[in-house]
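> If you want the building blocks of each chain, they are given just below.
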Amino acid sequence: MTARQADDAGENHTQATTTQPATHVPDGETPQVCPYCGFELPADDQYRLHLGLNHYDQLDDSDQQAFREAYHHEEESLTRFRIIALGGLVALYFGFLLIYAVLAA
Amino acid sequence: MPTWLFLTTGGGTVGASFLLASFVTDRAFMRSVHDWGYTLPAPGRLLEWLGRVVGLAILAVTVAVGYLGPETGYRNLSILVVWVGWWGGYVASTYLLGNTWPTLNPFRTIASIPPSLDRPYPDRLGAWPSVAGLLALIWIEVVSPLADDPRLLATTLVAYTAVSVAGSVVYGTETWFGHVDPIARVFSLFGRFAPLARTDEGLSLRLPGSALTNADAVGGRAETVFVVAVLYVTTFDGFVGTGLWARLITAVVEAGVPPLVGYLGAYLAGFGLFVAAFRWAIGLARRFGRTYITRAALAERFAPSLLAIAAGYHIAHNLGFILGLAPSLAVVAASPLSPPQQPPVVTTLPGWISGLELAFVLVGHFIAVWIAHAAAYELLPGRLEAIKSQYGITLVMIAYTIISLWIVTTPTVTPPFLGGGGV
Chain A
87 MTARQADDAG
97 ENHTQATTTQ
107 PATHVPDGET
117 PQVCPYCGFE
127 LPADDQYRLH
137 LGLNHYDQLD
147 DSDQQAFREA
157 YHHEEESLTR
167 FRIIALGGLV
177 ALYFGFLLIY
187 AVLAA
Chain B
3 MPTWLFLTTG
13 GGTVGASFLL
23 ASFVTDRAFM
33 RSVHDWGYTL
43 PAPGRLLEWL
53 GRVVGLAILA
63 VTVAVGYLGP
73 ETGYRNLSIL
83 VVWVGWWGGY
93 VASTYLLGNT
103 WPTLNPFRTI
113 ASIPPSLDRP
123 YPDRLGAWPS
133 VAGLLALIWI
143 EVVSPLADDP
153 RLLATTLVAY
163 TAVSVAGSVV
173 YGTETWFGHV
183 DPIARVFSLF
193 GRFAPLARTD
203 EGLSLRLPGS
213 ALTNADAVGG
223 RAETVFVVAV
233 LYVTTFDGFV
243 GTGLWARLIT
253 AVVEAGVPPL
263 VGYLGAYLAG
273 FGLFVAAFRW
283 AIGLARRFGR
293 TYITRAALAE
303 RFAPSLLAIA
313 AGYHIAHNLG
323 FILGLAPSLA
333 VVAASPLSPP
343 QQPPVVTTLP
353 GWISGLELAF
363 VLVGHFIAVW
373 IAHAAAYELL
383 PGRLEAIKSQ
393 YGITLVMIAY
403 TIISLWIVTT
413 PTVTPPFLGG
423 GGV
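Chains A and B, in that order, give the protein sequences.
Following the working numbering, the numbering of the first sequence begins with 87 at its first residue and continues without gaps.
Following the working numbering, the numbering of the second sequence begins with 3 at its first residue and continues without gaps.
There could be a bad hint or two in this list.
Claimed, not checked - Sample of chain A residues with no beta-carbon within 10 Å of chain B, all distances over it, derived:
1. PRO107
2. VAL111
3. ASP143
4. SER148
5. ALA152
6. ARG154
7. PHE167
As the list claims (entries may be wrong) - Which stretches of chain B does chain A cover? Using the computed rule of at least three CB atoms under 8 Å from a CB of chain A, they are:
8. 73 to 83
9. 139 to 145
10. 223 to 231
11. 386 to 398
Calculated from the structure, these hints are not laboratory results.
Backbone N, C-alpha and C fix where the C-beta goes; we use that ideal spot for every residue, glycine too.
Chain A extracted, bound-state conformation (with noise of 0.2 Å):
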């Protein structure tokens, strides 16, 4: 991903909720805590996510560097959901088609 498509990321690809809704951490885990709106997420790529898409503008270089690769990241594990997804559909349509074509004859 380019620097630009990081910005568009930064920019327009933003969360729209200004107040966070309330979380509650099971025992035993402890959350990643925003710095800037107290929000509670767990693992890494989730808290990283958060403070590029909420915060980009008041990231140092390094978390914005850590949101462009965890957002680039995200676009991998998307793909792959993409393909699967896309699976489902052709195996439900021509399900459907089949199990229609079999009771029609």
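We have chain A already, so just place chain B on it with the hints.
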């Protein structure tokens, strides 16, 4: 075509719409869709005043004709106005156009006349009284001959007015109709789906359902349960008219259970099942969405999508009924005190009407899938997590599509042991 195939096709279509929506992962695009809209000038004071007078006049005529008109339900204007004009047609206008009930609501107009004590409303009650009120109202509608007996209907309207006035005197009109009154809350929720809404700037025009992703579309645990109740009561109303229910309740009554106990048991158990299914879906959203957001907060954002389903189902459940009885309403309204012996009805509707009903069920689900999708993207930072968080709610929607399509298409029978009743 076998029924199972028809039903699974419906469920499959909803599943496919979830998969299709999962290709849209661009938050900026989603927001641009939801932000589309215009602001129109608000209606003037004169129109508002006129709306109040019309609402009052309709209530007055309905109650008067309920007592003075013929005793046969299908010849009495009050039955036709309430069940065909209001519960069928007007309710549809609250989600297809906009919620005009705060202006038209004759109970509110009357209740605002006496001075109020303005006692503080207990905050912990929230929307719970309206949940109980809605369940109670639909229960009465299902088990009593309210849909056939004009005298009983008129008395119920008078009683409803009395309760509204009493509530307003104690807590104030705004509090009563904003928190407690179940009908006002149904219409207000449907109005949040509608393309037109009253705002401070005037009338806002938006895409149907697009406002349901707003953070404040549904507020509080009680209101999420209320949304589930709106969906449930319409379903139950349809379910008691199916052959399956007739056989079930007959078996239960033959086993020695009083009919009303059987009806009430099934009514409450079904509601519990709906709430449990929704909670289960939210639990999955929390797990697959990898978030610490509370169940209650997630439920608030996912519940509005169910309103689109409720609207689609309401129109599917009522369209044939409204079209069939609309001529009766018109003819009986022309001479309410001496209506013809057999008011005209459309007995055979063209076949495409039932196709249209099914289309409404599906369109409601498509919009719901989209709203859940957009809400998940507003809530969760991860795009893949936002998609996965919808697994549970999508499965619940698929199951509900199958149930509601079955109810809409299965032949209607009179619910046994109730002595008529049930629209």
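> Next step is simple, just say for each hint if it's right about the structure.
Here's how the hints hold up against the structure:
1. PRO107: Contrary to the label, PRO107 (chain A) does not stay out of reach of chain B, its closest Cβ about 4 Å off (not over 10 Å).
2. VAL111: At roughly 5 Å from the nearest Cβ of chain B, VAL111 (chain A) sits no farther out than 10 Å, so the non-interface label is violated.
3. ASP143: Holds, since 16 Å exceeds 10 Å.
4. SER148: 19 Å, holds
5. ALA152: 13 Å, holds
6. ARG154: 14 Å, holds
7. PHE167: Nearest chain B Cβ is 6 Å from PHE167 (chain A), so the label is violated.
8. 73 to 83: Check failed, 0 qualifying residues.
9. 139 to 145: Our answer is that it is violated, as 0 residues pass the Cβ test (under 8 Å) against chain A, missing three.
10. 223 to 231: violated (count 0)
11. 386 to 398: Check passed, 3 qualifying residues.
Hint violations for this structure: numbers 1, 2, 7, 8, 9, 10, all remaining hints satisfied.
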